[in-house]
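Mind docking chain F on chain E? Use the hints.
Residue numbers (my numbering), protein chains in the order written: chain E, 1 to 799; chain F, 1 to 799.
One thing to keep in mind: the hints can contain errors.
[Claimed, not checked] Over the 12 Å line for every Cβ pair with chain E, so calculated as not near, a few chain F residues: (1) PHE300; (2) HIS586; (3) ASN681.
[To be verified] FRET-style restraints, in silico, Cβ to Cβ: (4) F/ARG578 / E/PRO559: 28 to 36 Å; (5) E/SER169 / F/GLU582: 53 to 61 Å; (6) E/ILE558 / F/LEU728: 29 to 37 Å; (7) F/GLU138 / E/VAL560: 18 to 26 Å; (8) E/VAL560 / F/LEU728: 36 to 44 Å; (9) E/GLY309 / F/ASP112: 42 to 50 Å.
No wet-lab data here; the hints were simulated from the structure.
A quick note: this is a predicted structure, and the numbers were derived from the prediction, not measured.
For each residue, glycine too, the CB sits at the ideal point set by N, CA and C.
2 protein chains.
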Amino acid sequence: MILSTLLLAALSSLLPFTTAGPHARLKSPRKWSKKPGLVEILSTIASSNSTFSPAVSAPKPNIFLSLSDDEAASVISFLHNQTELNLTANADAGPWDNAIEVVDLVQPNKTDALAYLDNGGPIPARYAMARISFGATEKPYLQEFMVGPLPISKTSTYESLDWPTTSGSSKIRNYNADDDLLTQWNLDVTASVADIVLDLLNGTATGSEDDDFDIWGIDPLWMEEIDGEQRVIVWNTYWRYPSDEDAVFDGETLLPQGLFFKSDITGRDSSKWRLLGWLYGDIFYSTTEEFRKAWKSPGFLKYELNLPGEWIGSDQTGNPFPADDVAPPVAVQPNGQRFAVDETQKYVEWMDFSFYITFTRDTGLRLFDIKYKGERIIYELGLQEAIANYAGNDPVQSGTSYMDTFYGFGPYAFELVPGYDCPTYSHFLNSTFHAAEISTTHRNNICLFESDPGYLMQRHSSSNYLALTKNIVFTLRSVSTVGNYDYSFDYVFALDGSIETIVRASGYIQSAYYAKNNNYGYQVHDALSGSMHDHVLNWKVDIDVLGTANSFVEHKIIPVNVKYPWANQTRSTMQLERARIENEAHARLSWPQNGGAMFLVENSDKPNKYGEPRGYKIAPSRGGSGMYLTIQDSPNLLKSAGFAKHAVSITKQKDTEVRAAHANNDYDPGHPIIDFDHFFNDENLNQTDIVLWINLGMHHVPHTGDMPNTVFTTAQSAFIISPHNYLLNDASRTTRQMVRIDYNSTGVQLVKEFGGKMASGVVNITALQPDFHAYEGDVAVRKFPYDPLHPFNDTESIV
Amino acid sequence: MILSTLLLAALSSLLPFTTAGPHARLKSPRKWSKKPGLVEILSTIASSNSTFSPAVSAPKPNIFLSLSDDEAASVISFLHNQTELNLTANADAGPWDNAIEVVDLVQPNKTDALAYLDNGGPIPARYAMARISFGATEKPYLQEFMVGPLPISKTSTYESLDWPTTSGSSKIRNYNADDDLLTQWNLDVTASVADIVLDLLNGTATGSEDDDFDIWGIDPLWMEEIDGEQRVIVWNTYWRYPSDEDAVFDGETLLPQGLFFKSDITGRDSSKWRLLGWLYGDIFYSTTEEFRKAWKSPGFLKYELNLPGEWIGSDQTGNPFPADDVAPPVAVQPNGQRFAVDETQKYVEWMDFSFYITFTRDTGLRLFDIKYKGERIIYELGLQEAIANYAGNDPVQSGTSYMDTFYGFGPYAFELVPGYDCPTYSHFLNSTFHAAEISTTHRNNICLFESDPGYLMQRHSSSNYLALTKNIVFTLRSVSTVGNYDYSFDYVFALDGSIETIVRASGYIQSAYYAKNNNYGYQVHDALSGSMHDHVLNWKVDIDVLGTANSFVEHKIIPVNVKYPWANQTRSTMQLERARIENEAHARLSWPQNGGAMFLVENSDKPNKYGEPRGYKIAPSRGGSGMYLTIQDSPNLLKSAGFAKHAVSITKQKDTEVRAAHANNDYDPGHPIIDFDHFFNDENLNQTDIVLWINLGMHHVPHTGDMPNTVFTTAQSAFIISPHNYLLNDASRTTRQMVRIDYNSTGVQLVKEFGGKMASGVVNITALQPDFHAYEGDVAVRKFPYDPLHPFNDTESIV
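Chain E extracted, bound-state conformation (with noise of 0.2 Å):
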């Protein structure tokens, strides 16, 4: 993706590019803490009768893995000498040069896919996405092309990918194809009044290495009709670095200051652009001669500076606790993994689970082919994109409506840091995107782990015995860094069947100038205001119960008055109402009130044995209940928001439906490439294949609590599938870590174990301490402009 200027200031403050010596060679993922003779642990494993082995390999191999480096290499060559595209080497590339953005798979076909996995079929040919710019042009746009199959041959050919659009084209104008005349531009408007930015801001801009300010603003653009027509529309604001002795901080977004101006930035010719105004303290100067007089005027209010300091910082401060500088309890692993992984198909088994994992430049990491005691029960999950929505008095906090996809997940998504963000024990895995021509690797950005949540799964007691079952559970877990915020995205395996998506969001606010800004947010520091947003996260959950015909029941628990038999009056009591969400048309649902309906999905034609329909429960889990958009009709939005405007949405299944949304969409969001709402064509949902579309997130209105940043704790939300009269009993019952005590009054008579080995051996904690020197910064590419002085480690130059 070629960044605009615009964009690019805002990113080259605020996206972290991780950085490290280079390497020859992508390494293997590292196994943390491997420091031999250290970790003393007794032999238990070779003294239990365990077969298991952590190695495993793929039943079948995973048509879902992100292309290889080789594969990725031979599409952007292939496309280069596809002359009519005129292409230019990325590193080469400027805005009126056609560009490879990004490369990535096409998702192959569910229906070819379920062939090949279920019934042997031939395995599906793999294509590529080539996401090209289109710079070479006074209509500057961007488009997608499906290349293939793969590997590259004489029969490969490739062609505009519109299937899986609603707009029936792939393509979509960029209409902020210029970004150095953009930076110029603010510049060049912020030198016409250096003198008042110095007055009311206190500092200056002018394009050196020493500015005070950072320039930018909405996403995304508008577009606004003048003297009938159609104009395109920046709105700008100033944001102050950090100071010097603050400046590693990355708090640029608690530093808004209160000045803003509206450009007209139609066409590429900067010189046809126009100042459109002014604001100040809420007060609109349609002219710079206007505010100029404003601000000369007696009486002109200034408000107050919101300045760097201390207060952005997120290191340890304020009285430390008397027992804190001893070390908190600790989990551990002292018997070794109990998952098998296959890394180079990037498949795993954890007891009855088995799944795919595939990594995407746009949406991170993904699970594909979930399956449960051999059956299918998700052929597809995963993040389709996320919203934050702000609103202020500002038109920057009101314009600002971040699809955060077309910055993607996957270029953000770091490695990470054992013994924080996972247990030291956790197995990591690395994951590969492809981008400007770059194919970067990730070190140890996915982890995978075991663990107790630290309450039971099931309990027991009565006169005669204590029965307990322990609560393990297994989790993969990847963080993306979108930028000022930090979103970590858990899925959680459990022993009853069930399936948890969690996200978290940490790190800086972006926040909001205080100057009347009440009715928005509170007020969290000297002259900041916490700016509300709305996060709604929406992920694909494709659920298959006992094969694709399945129906999605609501089963509502009502009040009813019932006169039976047995009873002289009518009675106040309560019933099970089973309800079938028939059609499309009906299918875009909030949770419900009090949690009084049930939402199932479910083989309708497959009961279990005692008549009851198989299926999973869909519920929220964290966080309370939600979550769609406050606004539904947001002007920034416009047709791209479709799938945050409810709870969750039924759709049936097609191969062309493949994502609610698309990562370009946010270049044009009044003609985006996918607009979910397409995907409700009143198509019967009975005994058919369908699909869920879950959203995720919360209304966040920061308070002081959010400063300096955000913490997981409180900014959590998650949805849980269980199974749900799916087994005859409870899944739990297969694990052998559970102990019955039996006892009478004269002691315990009888502790009965089921095979489950206690945790056991000596285990050198010192050993387990991670070593934070050994973070090697992660490998991010810069992707415009190309800075060849940072050569990101474990990338291989394609081009």
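The following block gives chain F in isolation, referenced to the frame of chain E:
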């Protein structure tokens, strides 16, 4: 509490009475796994600069502390000296005697307590509550008395404890005082249809040791008008005892047999009691003759038997996972305890939190005077009542609405198992309650522990650095097994200043016979229906934010259309609307749809330096939001369920409105001692001392996954209170458990730690294995009839 025959029948089979060998004196709580020489921990604590000591003395004596054994004994002795009470020693008392059931502390008035705690006032006089059953009358009743001041002296008196009631009197009629008669009545009724019972249910109930069936039914009893008179009605049914091979398992509630009979048991002369009819297969027969005639008729429909078998057992079953005989990860505390406990005063300090604990017969564990950074946040936090409200096509399920404080959470809060219920390194406390004139101590029935919940508090990464903060939480846990269900209660304190209250349920469901019951739940076994029910558990949360002058505000996130000075068109956006709940008349709330509002308690007169009132936010945190009763006008609960009809209620604090419910309401729910609805008097709630009453729970429609036991993972509910504009920044910045890693393109430049040691030392995991044979059973008192063959350990005879 003297249990009626009816209830005793239910309890004797359902409630666990755990016994073990006698001990001379109460031992101090066991420190788990102190096996000297086996646990090798390097001397890291000594080498640190920590001045922390895990021993502490409470700053003031705990005025909420449960009665001591001596206090209880002196109160009982005092009452026995009051001849007008005509008391019989509980051990010798029959239905026609007056006997003391429970002795407990009368919670001090908040007014007096605050004077003492905050303003150097006198220590509040201690008073005991004595709950006495008056059986020596044609109209038996229970009444509570306030006895004191303590210690008992010449000035001590007793009086009816009426002021904390809404009925004006602590007296309540007992319509079912004659357990012995009802047991015999049930057997007589059964004997009259022994041939039918044998034919339909294939078993007998004669009162002998080898009976197949246990007979019990609705709770509470019904009052029905028959021929213009109020009659006491009970519906009973047959429950099969687990078979010999499965006898250890407490699965009787999975074995309803589908035959029901209705009795009029008005009055104390059972010769005047009447059988009012039979129900089988959803057909009502108003006399035994009618039932017999039908049974003998050709075509009488016999339903399938619901028989015991392996399926009611909770042991491991099915093919175990290959990896599962390896021990899973486990948490250790290698460097010592980081919180302090005054075991005598039941006072706890963890980081910036401190609180007092108490324990009552009715509601178990309770917390008082929770302070954070030296300021009281919660004066009182504790369970009030737990309703389990069933529905079904049969009168027993339809008529069952347990109010569990009737049974009590204290008596059934048994010893916890290290390594399962709580980490092996937990700090355990004992608890004592006084019932049936016996002081009973549960050993190790409260655990306190720190843990890492598996995700961070804070993280942020940028191009320059990575900052990570651990999320260490402190948990106080107890578990009460009230009959078939095990309720686990957690109070979780976090470094961000939040406190989470969690309830989870496991154990056996109470189920229904399957015949024609499909509108009320799922069929979950051959002849079994899951019997849908609502769990509603109410907590009193007496929040005090910077004193008692508080207000409850709703901060709503609302969609609005705004015409801004800087915009040409009206924009669709959102705003924060601050609304105050002004009066008790509007103080009964549901959690907002889509999380669209925040519930806050603030001190409006104590804004922070930015003008935002300092407050705490209250929000649902697990298991979706809710929870209130589906059936708002239950004919079983009548006037006793006021607290359960809304998610959150707010009242003005009054010393007379101590509890939302009364343990004796169950005796006559139409005339409860405490009717929560009476707390609402249109009183003003602005800047006054307010109390929140918050419900947790779930609508539980058991499915096959609840067989044999419901699992905690999908049966949990929680609310969290967290600082909201309360401090000037994120409170977790105070912890040392964070790291900052600075890097650039040449690698890590700086690892900044903050004095928090990393876990270190060598831990012998084998030595930490819990010794399940050391489980002592628990100290439970069979209150009636008193069984001299069970010399409950740690019990001190009082009378």
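Hint-by-hint comparison with the structure:
1. PHE300: holds, 16 Å
2. HIS586: holds, 18 Å
3. ASN681: holds, 26 Å
4. F/ARG578 / E/PRO559: 28 to 36 Å: holds, 34 Å
5. E/SER169 / F/GLU582: 53 to 61 Å: holds, 56 Å
6. E/ILE558 / F/LEU728: 29 to 37 Å: Violated - the Cβ-Cβ distance for E/ILE558 and F/LEU728, about 48 Å, lies outside 29 to 37 Å.
7. F/GLU138 / E/VAL560: 18 to 26 Å: Given range 18 to 26 Å: violated, Cβ gap about 40 Å.
8. E/VAL560 / F/LEU728: 36 to 44 Å: Check failed, 52 Å falls outside 36 to 44 Å.
9. E/GLY309 / F/ASP112: 42 to 50 Å: Since E/GLY309 and F/ASP112 have Cβ atoms about 46 Å apart, the given range 42 to 50 Å holds.
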